[in-house]
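Chemist: This is what each chain is made of:
Protein chains: 2
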Amino acid sequence: MLERCLGLRRLRQIQRACRRGSLTFLCLFLTVVVLRGTIGAGKFGTPEQDLNEIRHLYAYRSRRVEPHRVLEEAQPETTTNDANNYATFDISKILVDEAASADEPKRDPNAPYTLGPKISDWDEQRGQWLKNNPDYPNFIGPNKPRVLLVTGSSPKPCENPVGDHYLLKSIKNKIDYCRLHGIEIFYNMALLDAEMAGFWAKLPLIRKLLLSHPEVEFLWWMDSDAMFTDMAFEVPWERYKDSNFVMHGWNEMVYDEKNWIGLNTGSFLLRNCQWSLDILDAWAPMGPKGKVRDEAGKILTRELKNRPVFEADDQSAMVYLLATGKEQWGDKVYLENHYYLHGYWGILVDRYEEMIENYHPGLGDHRWPLVTHFVGCKPCGKFGDYPVERCLKQMDRAYNFGDNQILQMYGFTHKSLASRRVKRVRNETSNPLDVKDELGLLHPAFKAIKLPTSS
Amino acid sequence: MLERCLGLRRLRQIQRACRRGSLTFLCLFLTVVVLRGTIGAGKFGTPEQDLNEIRHLYAYRSRRVEPHRVLEEAQPETTTNDANNYATFDISKILVDEAASADEPKRDPNAPYTLGPKISDWDEQRGQWLKNNPDYPNFIGPNKPRVLLVTGSSPKPCENPVGDHYLLKSIKNKIDYCRLHGIEIFYNMALLDAEMAGFWAKLPLIRKLLLSHPEVEFLWWMDSDAMFTDMAFEVPWERYKDSNFVMHGWNEMVYDEKNWIGLNTGSFLLRNCQWSLDILDAWAPMGPKGKVRDEAGKILTRELKNRPVFEADDQSAMVYLLATGKEQWGDKVYLENHYYLHGYWGILVDRYEEMIENYHPGLGDHRWPLVTHFVGCKPCGKFGDYPVERCLKQMDRAYNFGDNQILQMYGFTHKSLASRRVKRVRNETSNPLDVKDELGLLHPAFKAIKLPTSS
Chain A
1 MLERCLGLRR LRQIQRACRR GSLTFLCLFL TVVVLRGTIG AGKFGTPEQD
51 LNEIRHLYAY RSRRVEPHRV LEEAQPETTT NDANNYATFD ISKILVDEAA
101 SADEPKRDPN APYTLGPKIS DWDEQRGQWL KNNPDYPNFI GPNKPRVLLV
151 TGSSPKPCEN PVGDHYLLKS IKNKIDYCRL HGIEIFYNMA LLDAEMAGFW
201 AKLPLIRKLL LSHPEVEFLW WMDSDAMFTD MAFEVPWERY KDSNFVMHGW
251 NEMVYDEKNW IGLNTGSFLL RNCQWSLDIL DAWAPMGPKG KVRDEAGKIL
301 TRELKNRPVF EADDQSAMVY LLATGKEQWG DKVYLENHYY LHGYWGILVD
351 RYEEMIENYH PGLGDHRWPL VTHFVGCKPC GKFGDYPVER CLKQMDRAYN
401 FGDNQILQMY GFTHKSLASR RVKRVRNETS NPLDVKDELG LLHPAFKAIK
451 LPTSS
Chain B
1 MLERCLGLRR LRQIQRACRR GSLTFLCLFL TVVVLRGTIG AGKFGTPEQD
51 LNEIRHLYAY RSRRVEPHRV LEEAQPETTT NDANNYATFD ISKILVDEAA
101 SADEPKRDPN APYTLGPKIS DWDEQRGQWL KNNPDYPNFI GPNKPRVLLV
151 TGSSPKPCEN PVGDHYLLKS IKNKIDYCRL HGIEIFYNMA LLDAEMAGFW
201 AKLPLIRKLL LSHPEVEFLW WMDSDAMFTD MAFEVPWERY KDSNFVMHGW
251 NEMVYDEKNW IGLNTGSFLL RNCQWSLDIL DAWAPMGPKG KVRDEAGKIL
301 TRELKNRPVF EADDQSAMVY LLATGKEQWG DKVYLENHYY LHGYWGILVD
351 RYEEMIENYH PGLGDHRWPL VTHFVGCKPC GKFGDYPVER CLKQMDRAYN
401 FGDNQILQMY GFTHKSLASR RVKRVRNETS NPLDVKDELG LLHPAFKAIK
451 LPTSS
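Chains A and B, in that order, are what the protein sequence lines are. Residue numbers for the first sequence follow the working numbering, beginning at 1 and rising by one. Residue numbers for the second sequence follow the working numbering, beginning at 1 and rising by one.
Each hint should be verified, as a subset may be incorrect.
Intra- or inter-copy, both count: the list cannot distinguish identical chains.
Said to hold, decoys possible - In silico BS3-like cross-links for lysine-lysine, where the CA-CA straight-line distance does not exceed 27 Å: (1) 156 - 415; (2) 298 - 241; (3) 382 - 156; (4) 423 - 393; (5) 131 - 305; (6) 258 - 291; (7) 415 - 289; (8) 241 - 415; (9) 423 - 291; (10) 393 - 382; (11) 326 - 156; (12) 156 - 393; (13) 118 - 436; (14) 436 - 291; (15) 305 - 289; (16) 118 - 382; (17) 241 - 118; (18) 393 - 289; (19) 106 - 332; (20) 423 - 156; (21) 415 - 258; (22) 305 - 241; (23) 393 - 241; (24) 332 - 305; (25) 326 - 298; (26) 131 - 436.
No wet-lab data here; the hints were simulated from the structure. Just so you know, these numbers come straight off a predicted model, no measurement behind them.
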């Protein structure tokens with residue numbers, strides 16, 4: 001790497017890069033990492049921490065170029081179709097709609113935005129409902145909360161023709177994981193609140209689902225560009241018994257550094273309770289499109305570490321909310337980094353063969369990531385942050401990596417991680433129930449129906 | 001209609017049509033129907049029967065042009081991507097695969113095709129497994145069997161760019177229905193047996209799933225081009241307690257007429273039992289691609305009423321199997337026509353507004369069809385049997401018709417049946433649990449967890 005940095009034939013590239021400063025920093029950093037590895041990693045931290053730091057760099061580099069996407073999105077004449085998030089929309093059409101629609105009174109722009117009428121007794125309301133509806137328990141097994149996985153995409157066809165194909169594979173992937181783990185799915189294709197469009201659309205949706213489904217104990221939001229790559233890993237629900245909000249992230253990066261990628265809101269768990277309604281209310285104000293979101297974006301860029309200039313996004317807003325409101329929220333937020341509730345694809349996808357060689361499903365972490373999240377790829381839209389070919393090829397590999405764990409239950413596997421086609425790896429038998437299900441996924445313990453005696 | 005038939009300005013069209021004979025027949029038939037309506041429908045049959053007959057005509061007309069599709073599919077140089085069924089494939093690639101693949105020995109073409117080693121004691125094997133696994137009961141409530149809905153599509157992107165978008169909407173539609181009704185989903189994108197490609201691919205898949213999941217009581221196959229349009233209708237499981245195979249169809253059309261559209265295999269229920277394995281084995285032999293399927297096609301065209309010339313398809317084969325084997329199979333086959341387990345789209349989609357005006361969800365029949373099935377549309381491929389625009393527009397309407405039943409749970413609806421956009425129809429409230437859920441779909445009785453005392 002160092003040689004590549006210093007090689008004469010790359011001089012021009014380096015000059016350009018060094019003017020940006022990133023490559024210089026990367027070279028220096030990698031040098032340090034290599035030295036640490038040589039001298040003795042143990043003395044300087046776990047491979048996981050190194051991994052984290054490199055990941056941060058990659059995530060930073062990917063995010064750095066994101067502004068042009070949101071600038072595109074912010075200009076009514078340009079229509080972008082961003083399926084990295086759920087229900088995107090055509091801004092110019094929305095503006096037309098708002099003008100034409102008689103039955104949706106425009107909100108007074110001076111009045112603060114709210115997700116809905118304030119509710120202060122949700123725990124009581126919900127508790128009473130659960131008592132009255134024992135056939136809809138919030139726990140469906142010992143230590144097994146009822147979970148609703150929520151995801152979605154635009155109601156419009158993708159601008160990129162193959163984009164919808166990847167959305168289809170992505171939802172099949174989620175269907176498979178959720179079927180194995182007894183989790184229900186809500187796939188959203190409706191924009192419920194025109195002001196909260198783009199990445200913010202999840203907030204009204206989540207609130208609506210929590211309030212409509214008191215039987216749901218945890219709502220699991222997952223971006224459409226995130227895929228399950230460990231079909232055997234069951235979320236450690238017990239670990240979160242005293243928490244209401246679980247995201248992948250690092251305490252230091254959020255509370256100390258206020259780093260804008262200190263956590264990720266592409267895959268998180270939110271408990272159905274009053275506290276969650278409150279944090280949704282506290283989270284929402286930076287969301288309304290237009291002046292509010294733009295101004296909020298400036299605040300976030302100023303206040304957070306490394307954040308580029310662009311309108312407020314839900315993830316930065318959450319970092320800010322927690323960093324400035326630690327006392328109010330911190331005790332119920334769990335920033336998880338012992339497994340990949342969200343796993344940045346850049347540092348995972350090239351290692352799948354190594355994982356297959358050395359590890360096995362069920363680990364959920366860097367050895368076999370629960371989730372591989374294709375941040376920045378945007379297969380549905382026109383403008384991604386990475387070369388399209390790299391993204392699509394790696395998305396195929398991640399999909400096949402996960403799909404192989406499903407296919408092996410039935411005696412098949414993909415011919416390679418790059419291939420759509422499957423091959424048989426176990427012959428048919430006249431005693432199918434004697435077949436050893438190696439991963440134990442055909443009838444896993446975490447899916448068995450066992451109603452607890454008390455919730 | 002008669003006037004139109006005889007009008008001079010249509011003379012040339014009529015001459016062409018009359019040479020085919022179809023329009024003449026249609027005119028005559030419609031005349032009879034109108035007369036029957038005028039004179040007194042009650043004396044001549046139910047509106048449902050008339051509807052049936054017109055539907056047959058439409059289905060016949062749609063199927064008549066299907067041969068060119070299968071001829072295309074049969075020619076290795078042409079690649080078609082037919083997502084009307086599940087896992088399609090690129091024939092030329094398969095041929096290459098078969099040549100190149102060392103680990104999949106070619107079957108002796110003289111040996112009869114089989115789906116797998118003969119199993120004769122499946123009821124015993126399964127019964128024992130259920131006994132040993134009380135946490136995986138085959139009934140999940142009183143009169144509520146455990147059901148697995150199986151569907152799928154090609155692992156390749158659709159040739160038609162919007163095709164994958166419609167597959168995405170179609171699976172979302174199924175996710176919604178199945179979530180409400182406590183049904184699990186298996187979305188297949190793998191071709192398990194190269195010989196059984198196209199519409200036949202469902203057979204090896206179904207067998208594999210039945211044998212792998214003894215806890216499943218009923219497997220519900222559903223084509224990717226079929227959508228749920230009645231979210232409130234629960235299949236009357238009790239009605240089928242003595243049946244093993246439920247398809248939409250008419251006894252007379254199958255057993256008496258041997259009409260090739262006397263039943264539909266695009267949406268059916270198959271019980272997990274020895275009988276079902278046996279009928280799958282009896283069904284399969286016409287399927288293997290190539291000479292077998294071609295020759296079988298000729299037999300079916302000769303033996304069945306109105307069947308065009310093309311290779312054997314699974315539906316025709318089933319008509320033939322039942323018509324010639326009524327004593328062997330008939331007592332366990334239920335041909336259902338009291339609700340639309342499969343509903344031909346042609347006679348349903350123009351009536352949605354009338355349905356909304358006069359009826360309500362939960363009926364499942366011609367008043368509010370459970371399933372609207374877009375036979376012949378083929379949005380994924382290049383060649384459909386109907387104008388693409390008509391198909392896509394109607395698929396949007398059917399999707400929205402069903403989606404409105406989901407959205408109303410949350411206080412929203414599509415702005416029109418043609419519109420992707422949604423509007424609010426119920427305000428937010430601080431007492432969401434007091435809101436009347438009009439269709440009773442938020443917490444329906446058929447989804448409540450109630451383990452029976454005996455299965």
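Chemist: Next step is simple, just say for each hint if it's right about the structure.
Modeler: Hints, one by one, checked against the model:
1. Taking the closest pair of Cα atoms, residue 156 and residue 415 come within 27 Å of each other only across two copies (15 Å); inside a single copy the shortest separation is 33 Å, beyond that limit.
2. Proximity of residue 298 to residue 241 under the C-alpha cut-off of 27 Å is found in neither arrangement, the shortest distances being 36 Å within a copy and 65 Å between copies.
3. In the homo-oligomer, the alpha carbons of residue 382 and residue 156 lie at most 27 Å apart both inside one protomer (14 Å) and across protomers (21 Å), since each shortest distance falls under that limit.
4. In this assembly of identical chains, the alpha carbons of residue 423 and residue 393 lie at most 27 Å apart only when taken from the same copy (20 Å versus 38 Å across copies).
5. Taking the shortest Cα distances, residue 131 and residue 305 never come within 27 Å of each other, neither inside one copy (46 Å) nor across copies (59 Å).
6. With identical chains, the CA atoms of residue 258 and residue 291 are at most 27 Å apart within one copy only, with a shortest distance of 24 Å there and 68 Å across copies.
7. For a Cα distance limit of 27 Å, the shortest separation of residue 415 from residue 289 across copies, 22 Å, qualifies, whereas the shortest one inside one copy, 46 Å, does not.
8. Proximity of residue 241 to residue 415 under the C-alpha cut-off of 27 Å is found in neither arrangement, the shortest distances being 42 Å within a copy and 42 Å between copies.
9. Only between protomers do residue 423 and residue 291 lie at most 27 Å apart by alpha-carbon distance; the minimum there is 24 Å, versus 55 Å within a single protomer.
10. In this assembly of identical chains, residue 393 and residue 382 lie within 27 Å of each other by CA distance both inside one copy and across copies; the values are 17 Å within and 25 Å between.
11. Taking the closest pair of Cα atoms, residue 326 and residue 156 never come within 27 Å of each other, the shortest separation being 39 Å inside a single copy and 48 Å across copies.
12. Taking CA atoms no more than 27 Å apart as the test, residue 156 paired with residue 393 passes in both settings, with 24 Å inside one copy and 13 Å between copies.
13. Taking the shortest alpha-carbon separations for residue 118 and residue 436, only the inter-copy value of 20 Å comes in at or below 27 Å, while the best intra-copy value is 54 Å.
14. With identical chains, the CA atoms of residue 436 and residue 291 are never at most 27 Å apart, being 60 Å at best within one copy and 37 Å at best between copies.
15. Taking the shortest Cα distances, residue 305 and residue 289 sit within 27 Å of each other inside one copy (23 Å), while across copies they are farther apart (61 Å).
16. For the homomeric pair residue 118 and residue 382, neither the shortest alpha-carbon distance inside one copy (39 Å) nor that between copies (52 Å) is at most 27 Å.
17. Proximity of residue 241 to residue 118 under the C-alpha cut-off of 27 Å is restricted to the intra-copy arrangement: shortest distance 26 Å within a copy versus 50 Å between copies.
18. In the homo-oligomer, the alpha carbons of residue 393 and residue 289 never lie at most 27 Å apart, since the shortest distance is 34 Å inside one protomer and 31 Å across protomers.
19. Taking the shortest alpha-carbon separations for residue 106 and residue 332, neither the intra-copy value of 35 Å nor the inter-copy value of 60 Å comes in at or below 27 Å.
20. Only between protomers do residue 423 and residue 156 lie at most 27 Å apart by alpha-carbon distance; the minimum there is 16 Å, versus 35 Å within a single protomer.
21. Taking the closest pair of Cα atoms, residue 415 and residue 258 never come within 27 Å of each other, the shortest separation being 45 Å inside a single copy and 42 Å across copies.
22. Taking the closest pair of Cα atoms, residue 305 and residue 241 never come within 27 Å of each other, the shortest separation being 31 Å inside a single copy and 64 Å across copies.
23. In the homo-oligomer, the alpha carbons of residue 393 and residue 241 never lie at most 27 Å apart, since the shortest distance is 39 Å inside one protomer and 48 Å across protomers.
24. Only within a single protomer do residue 332 and residue 305 lie at most 27 Å apart by alpha-carbon distance; the minimum there is 24 Å, versus 69 Å between protomers.
25. Taking the shortest alpha-carbon separations for residue 326 and residue 298, only the intra-copy value of 22 Å comes in at or below 27 Å, while the best inter-copy value is 75 Å.
26. When the C-alpha separation of residue 131 and residue 436 is checked against a cutoff of 27 Å, the pair qualifies only between copies, where the shortest distance is 19 Å, while the shortest distance within a copy is 42 Å.
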